[in-house]
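Visitor: Residues per chain, in single letters:
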Amino acid sequence: MLGHALRSTLISLGLRIFFRDERVIGREALLHAHAQTPLLLVANHPNGVVDPLLIANALPRKRRLLFVDTLPPGRWSRRLLEGLGGREGGDVEDLARALSAGRVVLMFATSPTGGAAPDLEAAARVALTFAASEGTSSSLTILPVGLFYSEPHIFRSGSLVSLGRSVDLDAWRHAQPRGHDTPLDATVVHLLAETLRERLGEVMLRAADQDEAEVVSWAASIMTGVERGPTDVGALAMTAEDRYRTHRLLAEHYAILRESHPDDVGALEARVKNHHRALDALGVEPGEVHVEYRVGSNAHFALRELELVALGSWLAAWGALNHVIPYRMIGPMAERRAASPHEIAGWKMFYAFMIFPLFYLAQTAIMAVWLGGWASLYLLTLPAFGYYAMVYIERIRSASQRLRGFFKLSFNPALQSSLAKESEAIVEEMLRLAALVDGPTASPKTPTAAHDPSGHPAGDGEAADP
Amino acid sequence: MTAQSDAVNRAPSPSNELKMSRLLLRVRPGEYIFASLLVVTIIWTAIALPGKPELSASLFQHLGLLGGFCLLVGWSVVKPSRLTRALPFIAMVFLISVLYTSLGLLGFELHGGGYDHILSGIDTWIFGTDPALVIQHWTSPGWTEFLSIIYLFFLLYIYLSMILGCAAFQGQEREAFLLGISLNWTLAFFGYLLVPAGGPIGYHADHFTVMLEGGPAFDQMMKGFWDVGGAIGAFPSLHVGGTFFFCAFDWRKRPFRGMTYTPILILITISTVYLRFHYIIDWFAGIAVALSSLWAAPRITAWWTRRAEAAQAWEGR
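Chains A and B, in that order, give the protein sequences. Take the working numbering: the final residue in the first sequence is number 467, and no numbers are missing along the way. Take the working numbering: the final residue in the second sequence is number 358, and no numbers are missing along the way.
A few of these clues could be false.
Between beta-carbon pairs, the in silico distance windows are [stated by the list, open to error]:
1) B:Trp116 / A:Phe354: 58 to 64 Å
2) B:Val80 / A:Arg295: 39 to 45 Å
3) A:Lys274 / B:Trp355: 54 to 60 Å
4) A:Ala366 / B:Ile176: 28 to 34 Å
5) A:Pro231 / B:Arg347: 30 to 36 Å
Covered by chain A, per the in silico footprint, the following chain B stretches (three or more residues, Cβ under 8 Å) [unchecked claim]:
6) 205-214
7) 299-311
These are computed hints drawn from the structure, not numbers from a lab. Virtual Cβ for every residue (Gly too), placed ideally from N, Cα, C.
Produce the complete structure using the sequences and hints provided.
Guide: What follows is the structure in structure tokens.
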């Protein structure tokens, strides 16, 4: 139990370092998970390293996770993931037994390398095997989990765990036509897999290819900027949740419109790409074209950032100096191990957890020669200074971006105005096309029937089941 | 329609009591708290005056400060605008520096002396010896100069925090921030009145065997120290309490700024004992004052806002 608590604390700490912004939406779906109710999670798998950790962290502390994944070949990394609950290609019977024993079982429906459609047959088989073994007393909840990263290729991205509408297996089986309620019948497995696919589809972002994913992501950034409207230079931060909600609504409409209005969608795509190119050439972010550069807010921003840059520099320099060697070491190791560019940052964190403590001990031993017992104080401050250096660099990057926007746009109001107008025109066109799907009064901001006003899928309940 | 109009015409205009209660609700809780410090000071001085006629100057000084403060607050509630609403707070910032000296000295006069022997005794009881006397053996001109810069930096830190906090926080958050500052300083000033103390620099002046020597920052700091009244206002330590308040507030609302200032909080805390201005018990008192302010400010603000909204709703019936 102590081992589990320590593991949970380490995961939580690691994720806090790794992600700038970590959110869970639909947490109420996990309320019943506080008890020992059997719980099967099905999720998309955008990142082969951190996905299971994010989900484990979203669960109530007492619940232990077992996840099925392709584990890395390296001995230490494999052992570490196994220690965190990882299993390679779990046997259906074993997984059903784990559910009976009160473990939360997580199965991924997609692959981190992308491409294939979600595969939920295996999850359906595990659920139905569990139901067959438990008989009439079986009560299993299956929860779809959507994972999203705002900037998947970088360290300190935003992350979001979106918990969708759960499926109560008993209620689902009773709702099936007679003859289709026998567990492990191939048709039943298929039907359950289809239900899960639909539920998972509600919480994950899908794109036909990389090009589509990029265009929708750019369009979402433009839309978020326009929706927010005029803002101060110091108030431009966008959470992973903001991006996810807009991105998901756009992706839903995009998928329908691409079939029904290919010409309109093609023209809009070209416009979004052109606008993105124009902003990219200037080095300006979509939200920055709506910034109101007023003397008061500019002065506040400048004072705020200058203060932190000046005062934090010695802390950041000390943190960087003490971490530069191990940090340089883990970069190439992570690149070698990552299956896709999106995984590099995740592997960096993974190796950091293994290598940094060794360096800390070695550095402290060297310091002990001069400082004696005081070296233990040095050891205690090392992680804090390392974390500070990382956040400081992030802050400098963000401030430099705002500064670039300021120099490019505030001295050229005509350019800023034309870019803002183009953003607004693109969003207007998106809304016009969305109205073709939703009806004349609706817009992508209008929640659909399956979603509550916050844009999140409605809670389950047996009524929501077929 | 006509009946409704008649009813509106017949409705009595707000009574004077109602007008007054509406105005009183516009006064910020922090302004009441700060004014109450001045009122308590004045009453205490007035009671002590017959036996100590030399307190009359202090009595009139604080009466004048209270009068001026009340006028500004009154103006801000009768003619509310961005400028007039800001004025009482600006006045409080000005009063902080005036009251540090006036209350620091008044405490000694009201009690007929200080309580350094008790504070030093507590430190000695906890540590076996007075840390200020022990630390003198580790002093050096370089450290003294460095810690003097840090000690002086406190002033820049609090004013920067006030300016940036007022610009960054909005609505209830800003009100809680301003109230927290008022509470923090008011509680500390009550400490000066109730437990006057001058710190080791005065109490142990004859016991130190090592003189502190530094550079220009140290000289400037000592000049300022004697200019504002010398060895006064030690309990609680506002250097620790004020820095702790701003740092903890930032940790909750702007963690990166909180992180940046945490080492400076530690250095300021060390500097207060190293430079002989405070006992270690003053640190704890300062932190207790800051924690109380951090705890109470959002709660009082929320309660006050609910009260003001309820009064508005009642008037709108």
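Visitor: Now tell me, hint by hint, if it's right for this structure.
Guide: Cross-check of the supplied hints:
The hint said 58 to 64 Å for the Cβ distance between Trp116 of chain B and Phe354 of chain A, and at roughly 60 Å that hint holds. For the pair Val80 of chain B and Arg295 of chain A, the beta carbons lie near 41 Å from each other, so the given range of 39 to 45 Å is met. Against the hinted window of 54 to 60 Å, the Cβ-Cβ separation of Lys274 of chain A and Trp355 of chain B comes to about 58 Å, which satisfies the hint. Our hint of 28 to 34 Å for Ala366 of chain A and Ile176 of chain B holds, since their Cβ atoms are close to 29 Å apart.
For Pro231 of chain A and Arg347 of chain B, the hinted distance range of 30 to 36 Å is satisfied, since their beta carbons lie about 32 Å from each other. Here the segment 205-214 of chain B counts 3 residues with a CB under 8 Å from a CB of chain A, which clears the bar of 3, and the coverage holds. Only residues whose beta carbon comes within less than 8 Å of a beta carbon in chain A count, and the segment 299-311 of chain B has 5; three or more means the coverage holds.
Hint violations for this structure: none, all hints satisfied.
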